[in-house]
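> What follows is each chain in one-letter form.
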Amino acid sequence: MNAPTHPPAPPATPNDFAAYPDANGRFGQFGGRYVAETLMPLVLDLEAAYLASREDVAFQAELNGLLTHYVGRPSPLYFAERLTDHFGGAKIYFKREDLNHTGAHKINNCIGQILLARKMGKTRIIAETGAGQHGVATATVCARFGLPCVVYMGAVDVARQRPNVFRMNLLGAEVTPVTSGASTLKDAMNEALRDWVTNVEDTYYLIGSAAGPHPYPMMVRDFQAIMGREIREQILEAEGRLPDAVVACVGGGSNAIGTFHPFLNDESVRIIGVEAAGDGMGTDRHAAAINGGRPGVLHGNKTYLLQDAEGQITEAHSISAGLDYPGIGPEHSWLHDVGRAQYLTATDLEALDAFKLCAELEGIIPALESAHAIARLPDIARDVGKGGVVVMNLSGRGDKDVATVADHLGRTI
Amino acid sequence: MKSRIDARFAALKAQDRAAFIAYVMAGDPNRATALEILKGLPGAGADLIELGFPFSDPMAEGPPIQKAAQRALKDGMTLKGVLDLAAEFRQGDDTTPLILMGYLNPLVTWGFEAFAQAASAAGIDGLIVVDCPPEEADPLADALDAADISLIRLATPTTDDKRLPVVLRRTSGFVYYVSVTGVTGAKEADAEAVRPAVARIRAASGLPVAVGFGIRTPERAGAIAMVADAAVVGSVLVDEVAHALERNEDVTAKVLSKVQSLAKAVRLARTPSLPA
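Taken in order, these protein sequences are the chains called C and E. FYI, the numbering for the first sequence is 1 to 413, going by the numbering used here. FYI, the numbering for the second sequence is 1 to 276, going by the numbering used here.
One chain only, chain C, in its complex shape (with noise of 0.2 Å):
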């Protein structure tokens, strides 16, 4: 039998998006599983249960009915009229996770990791936390089923959010403020891993983004994707065609990677990521891994980081605590790269510029994080234009923020 003695070389474009990650939890180059020997077996019995949990009947079903009726779901898919003619371009939709139970999207994700935790018979979640936002989304859950709940929170994250870690101690869970490092996200993913690690027999670790080791990017993306499905069903009621662009802000991504996905395998959908860029990426203050960062390791994935040109970690900064992480979701990484999508940035300027315009003209306070992917809608509304249709994700509310924003302001409340 004759080999061929050169094997074709791989697609430079991928065919289908929704087949990835591979069985190693690649997509490309990117993801990946590099943790510590003694986490191994841990993730791979998660990555069996996670995908046991897929077939599962009954597991669904109550997905889905916490998702209706403790979330409320589905969010509404909301024409933001008084935006699009201030554009004066492509009409512009909102996408209202601001509107789910506990103001933002991390709950979609919480509601089916801790279902999964319950089927593993794992009795302790741990969490990291930036803003809070998922650390609530966390104690939320772990409430809502009786579990005890430790929060991991940079110690600079507890002092500028403290009504999230007020919100966290009434729904039960501990609070641990995180003083290693620079004490802000990255930190406290380090702390929940070195606790996850020490407590292998009976935790579980709940991550909010679509970053860390493989199954986490798959599943956080699977669980969040009923944002996308959703906006598939509502634009093609109120519009009759797909949009012409999804546009979401990246922190480490999970809220745009569960916009993007349903819509990867649509050539005709543009998928666009704004970053943040802190005090602009002419500067070494941001948080735009891609593009300011190079491909690394951390957090058990291989991706887009901030690092100096030694491989250590830098710092991230941004406004949005949300946003404040030096990597990204291996599944962005792998887009970036294949072309399939395309990350802009936004500074923390044009992200409090969107923030006031957005509670101005369409009477909803954005979080922060959303503000960075507003600012980028005038340039795309233009770009694809009058008759055109873009679809943003409001990933959540800005209640939160208000205090970082009268700061800003110059203003005392």
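What the hints contain is simulated information worked out from the structure, not anything from laboratory work. By construction, the Cβ of each residue, glycine as well, lies at the ideal position given by its N, Cα and C atoms. It is possible that some hints are incorrect.
Unchecked claim - Computed, partial: chain E to chain C, Cβ under 7 Å:
| no. | residue |
| --- | --- |
| 1 | T33 |
| 2 | Q66 |
| 3 | T78 |
| 4 | L104 |
| 5 | N105 |
| 6 | P106 |
| 7 | V130 |
| 8 | D131 |
| 9 | E135 |
| 10 | T156 |
| 11 | T158 |
Once you've looked at the hints, dock chain E against the given chain C.
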């Protein structure tokens, strides 16, 4: 040529004693002191040396080694600097095995092939990468094989019989048994609990088994030396650096004195004590 690791374990086996492996962080608290400590380790009783290379986000380390890494990074230590340190040590010692231990990203940054060649030239014998499980290790293992450097694997209390062969694939030198579930320097290893695990790994691999992650005292080191082929101590030694700095004491002397007491306990563990 027999590797330094194989030669050292063979020699110790002939003496029927376990090895004492000292872990220190390269560049902690600064380059000059770290070099002085490194050069003094064999004389103080270290049979093998694990040289940590610092990483900003060491997710399997407890506070002592996290802080040691931060001190080293603050002093400007780089992966290339670590190899320079190793090369300087090698000029005066051609027999003590030197094993680098750290995290993957600095190696990704350098490039595996180029790093492996440079490490080999610096006299490095083995490499332990905490966040590189066997499933992800092939590209690194290829580069290390080409440079005659052993990729030392970690087995843990969560490594069951089904997983053990996966962990042991492509390993050489010795196997590192992480004796507790947890970060470095937190829980204490129980020699009796460790004994069957060591026997199982030794039988499956045909390699010496070193035990680490939970050894803080000479007594504990001695007990582990009864059941394992080597006892590894790290957090206590880097804590000694921190304490000496706080008290403005001689860092090198404090660390080497600690090494002496631990090494002595390991050396004498299997020697029957004289009746009183």
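> Each hint: holds or not?
Hint-by-hint comparison with the structure:
no.	hint	result
1	T33	21 Å, violated
2	Q66	6 Å, holds
3	T78	5 Å, holds
4	L104	5 Å, holds
5	N105	4 Å, holds
6	P106	4 Å, holds
7	V130	6 Å, holds
8	D131	5 Å, holds
9	E135	6 Å, holds
10	T156	4 Å, holds
11	T158	5 Å, holds
In summary, the one numbered hint that this structure violates is 1.
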